[in-house]
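In the order they appear, the protein sequences are chains A and B.
Going by numbering that gives the first Met the number 0, the residue at position 83 of the first sequence is 82; the numbering climbs one at a time, nothing skipped.
Going by numbering that gives the first Met the number 0, the residue at position 64 of the second sequence is 63; the numbering climbs one at a time, nothing skipped.
Because the hints were derived from the structure by calculation, they are not lab data.
Mixed in with the good hints, there may be bad ones.
Cross-link-like lysine to aspartate or glutamate pairs, in silico, EDC-like; alpha carbons within 20 Å at most [to be verified]:
| id | chain 1 | residue 1 | chain 2 | residue 2 |
| --- | --- | --- | --- | --- |
| 1 | B | K277 | A | E258 |
| 2 | B | K74 | B | E97 |
| 3 | A | K74 | B | E186 |
2 protein chains.
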Amino acid sequence: MSTNNLVISIDAMGGDNSPKVVIEGLNLAHKRNPDIRFLVYGDESKVNEEMDKYPSLREVCQIFHTEEFVHNEDKPSHVIRNRATSMYQAVEAVKKGEAQAVVSAGNTGALMAISKMLLKTIQKIHRPAIISMMPHQNGRYVMLDLGANTECDGINLAEFAIMGNIFAKYALGVEKPRVALMNIGAEEMKGKGEIHVAAHIIKNMHLDMNFIGYIEPHDIPKDKADVIVADGFSGNIALKSVEGTCNLIMRLIKQSIKESFWAKLGIPFMIGAMKKLKSNVDPRLYNGAMFVGLNGLSVKSHGGTDAFGFSIAVENASKLVRKDFIGSIRKELENVDLDELSQEACYEVY
Amino acid sequence: MSTNNLVISIDAMGGDNSPKVVIEGLNLAHKRNPDIRFLVYGDESKVNEEMDKYPSLREVCQIFHTEEFVHNEDKPSHVIRNRATSMYQAVEAVKKGEAQAVVSAGNTGALMAISKMLLKTIQKIHRPAIISMMPHQNGRYVMLDLGANTECDGINLAEFAIMGNIFAKYALGVEKPRVALMNIGAEEMKGKGEIHVAAHIIKNMHLDMNFIGYIEPHDIPKDKADVIVADGFSGNIALKSVEGTCNLIMRLIKQSIKESFWAKLGIPFMIGAMKKLKSNVDPRLYNGAMFVGLNGLSVKSHGGTDAFGFSIAVENASKLVRKDFIGSIRKELENVDLDELSQEACYEVY
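So here's chain A without its partners, still in its complex pose:
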């Protein structure tokens, strides 16, 4: 795939303050990646109004008017039947081969449902997963599944490991990512049966993967692994626990400072250090959760992010397209029979 043909379709109507934030974000992404072309789906007059501010962006954009858009409260079962929405049209552009990735800041469940229905899973992959980058003490790791599959068996987890491994190579630029299964103990027999089955499959699939075994959540921030594999329920629990704890600590720190006369005097000294800390864990830098395992990249930007955050989601998508992420997964799976390995593993574990 020539990088000159890099095309990304955009749902301009998703997220808070759309299409303003979306178009402003596209402009930021465009400045840093002038070779990307965009297919923009949404309310033409509103999109044009924003686009008028960025004449150079307009040159790489094609705007497609849609009458409708997906609302936050819409049910997935409902949105997959409405082809008239900007989200549906943007995903369909990937299905038709007109774009290689789609980015939307809209309703997660809707984007997942439409993407699954239109793009279908890659051959040999049973279930798509949600993957995202997250910060650890020295940089970043990737984690999947963050919520696409409430229940997973060993084969699903093994597939997540394969996809996560390639994702980490391209998105983090790590040559030999350390891949670990999230578990509640490091010992071989701790935790759930499906995790043991997955470990068994991964060890026996003879792929070029640096599988390091199990990891407990408190060790994840210590830079012990690059890819964390979990079922969608546990992954989502871990993600939201991290989010809640960050907010709690920040709130407690602010409160302690507010209540102390001396600390308030010390604030000016701390501003630089706090800004640096904030930039290390800036959620905008990690924006763009991707659905992986489909025949096309589908990227969910946070609904509340700003233009900079949206531009990062677009850029992360383009990075993976340039590296032919999906082709790499297909190639990796060519010589593996996961179903057979899974049968063997289940026999061993249960």
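Take the given structure of chain A and dock chain B to it, following the hints.
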């Protein structure tokens, strides 16, 4: 049960720096609770050496010599067959009715296995759970199960809700605890089947419980519930994610300050506020995870805690004994048929 007969058995040989930390911790607990008597199990000469420092403590202690103790790497299947250890003897004292609770800072799996075998589950309770207090923005909540049961069905979760409700009343002093099931979405049909079954059972058991539905992990620190109910796998994942994130943020803050000339100058102003912050989230204040659901209280102190932390674990245990925690659970279960409710619920959900 008269408070004059409050007796707690102590495994003096568990945890780092035992029996030193244990005996010093008992002395702190004794000073604040002179009415508690202790049965102390361990190496007599070592225990006596420490006890010599605290003559007033000695008056409320009875020391029982044991030749052996449980090591950190001992397997549960092994330790339950060795009656000669200080841990086994200390738990057995509760079984015999000589003590009302046991506290150990030793191997968690071993303490759980011995406690389950000797104390047995309360009638009508299918599985014991691990419960602990944790900090939220305005105080504390309790959470269970933190790791005793990797897989749970709806009835287990409903039982955890009943036990957690009573625990919160006594340990937090909340009159009407808000009880919530941990889930990955707040909507009724999100998440796992067993959680929906549990919600159905809880709503129909007609107990005096303020059940508020589902809670997502990022909302837990926002003081939205007093009791968080989860299966042992998810609960453990959430607990360890919180722990890892706290450590990560503290490390990042220290690093940012270290790297900034101005921030270093500001440290003296911040010390008071940081001390206050630290005291709010001091893990020693939350020390003492309890196994609930057994005919006797079994309390696991953190193996690395200090004397103050150990004294808190002892005190938390005594609080629940004074309130007759176990009797309250038995009474609550008298008029409930959870098995029948579970059948109805499974029929509704699946």
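Evaluated hints:
1. For the proposed pair K277 (chain B) and E258 (chain A), the alpha carbon gap of about 14 Å is at most 20 Å, so the pair holds.
2. Restraint check for K74 (chain B) and E97 (chain B): the C-alpha separation of about 27 Å exceeds 20 Å, so the hint is violated.
3. For the hint pairing K74 (chain A) with E186 (chain B), the CA-to-CA distance comes to about 12 Å; that is within 20 Å, so the pair holds.
Of the numbered hints listed earlier, the single one contradicted by the structure is hint 2.
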